[in-house]
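With the hints as extra help, turn the sequences into a complete structure.
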Amino acid sequence: MSVTATTAASVPDHRAQFLNLLETGLAQNSFIKLVLAKYVGPEAELQRVIIKQVTVKEQPCLSFVYRYKTRDITKNFPLDEGVAIIAGLLPEAFKNAHLLTLTDEVQLEYSKKGKSSLFKGKSQQEREVPSAEHNREKNRFLDLTRPFLADLGVTNKQQELIPAMSRKWKQINKFIEVFSHALSSSPLKLDQPVKVVDFGSGKGYLTFAIHDYLRHSLQAEGLVTGVELREDMVTLCNNAAQRLEHPGLTFQHGDVRSFAPTPIDVMIALHACDIATDYAIHMGIRSGAAIIMCSPCCHKQIRLQIQSPALLKPMLQYGLHLGQQAEMVTDSLRALYLEACGYDTKVFEFISLEHTNKNKMILAVKRAEPSDPAQLLVKIQELKAFYNIQEHCLETLLQADGLLK
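Taken in order, the sequence shown gives residues 1 to 405; the numbers are from full-length UniProt numbering.
Simulated from the structure, these hints should not be mistaken for laboratory data.
There could be a bad hint or two in this list.
To be verified - Simulated crosslink set (SDA-like; lysine to any residue; CA at most 25 angstroms straight-line):
#, residue 1, residue 2
1, LYS52, LEU90
2, LYS384, LYS405
3, LYS300, ASN388
4, LYS360, ASP331
5, LYS95, ILE50
6, LYS52, LEU19
Unchecked claim - Simulated restraints, written as ranges between beta carbons of each label pair:
#, residue 1, residue 2, range
7, LYS174, LYS113, 31 to 37 angstroms
8, ILE85, ASP401, 47 to 53 angstroms
9, ASP191, PRO163, 37 to 43 angstroms
10, HIS98, GLY153, 29 to 35 angstroms
11, GLN17, SER184, 39 to 45 angstroms
12, GLN47, ALA400, 52 to 58 angstroms
13, ASP232, ASP191, 33 to 39 angstroms
14, TYR68, ALA400, 49 to 55 angstroms
15, ALA37, GLU58, 28 to 34 angstroms
16, ASP372, PRO163, 51 to 57 angstroms
17, LYS113, LYS33, 40 to 46 angstroms
18, GLU349, ASP372, 29 to 35 angstroms
A virtual CB, placed ideally from N, CA and C, is assigned to each residue, including glycine.
Take a look at the structure:
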């Protein structure tokens, strides 16, 4: 890169020139990123601010990543407001600003005596400005710099992925991707706190991830509760939430059957065994959840009841096929009950969140308008009759509460 430098004596207002180049880059869609460094403000652990352009709710914005010693905080602003904030930070808070555009590199520096210098050069390296869509997707999910990942043992102190945790890292990201798409199609509004309950939260990988995603990436208030039977895991996770400054994230001892019903926006239950999944779905429905995410495990109740037609017996003499049939029938009925209760429901293969082949997810998003479930309920009863199923736990729970006629 060829660089020319000017001094304060020859060009007195380098700050105005720099801001003009920034605005030009944004206007011409050639802006790549801006880094503010050499922080001299009052916050002891703030190191730098990294600024990129993203799309939020179909509007172009500047995303400010405030990089602290042990955490990052992201804030998104409309373009004009973002440029005004940058102007206010120079040179009072930051003495160095490095602007990168499609063709230029520009650096504004302030000396200890307050004199400014502006360095502008043409980059010799070909660059490509990420599209707004690319930035929107990239900004949506997690990255390895998030502090909770290091605390939970997914990354090391250098924020590098620990090889043994690569599978877990993919699983966490896939979960957030599924949640993100569900959130965009749900009736939930992010100007209100989003109440999430994660049943069987374990070590808290997904509980921390969804809380971090809501607060850090979406700038929404997340009130997230992890419910876990193992008291040592509850203590471990609560300590981590306090240490990492995750306000609104708590863990408590219990399970889905003992949890007191409260209004819930998002209900999560991954790998709840047998009818525990039915209790979880029931909890989500009666708590008014807009999003229900379940990954069932075990299907004992229905497997013991199924009486398959004689024609299918040669196929079902093999235990594996018998188990697969029970799984398919059980989860199909669960999805249909959710449809009857006013949800749009999908059943799809999901990356396993444990070392198990149980990798199916039932995802339900509440419809804006209810519909008459009469015809669907008839089909459910026909399916039960075909397999001679006398009871499905979820149906029993819903009928007891009057949620299913």
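Could you check the structure against the hints above and give me the numbers of any it violates, in ascending order? When the structure is compared with the hints, numbers 7, 17 turn out to be violated.
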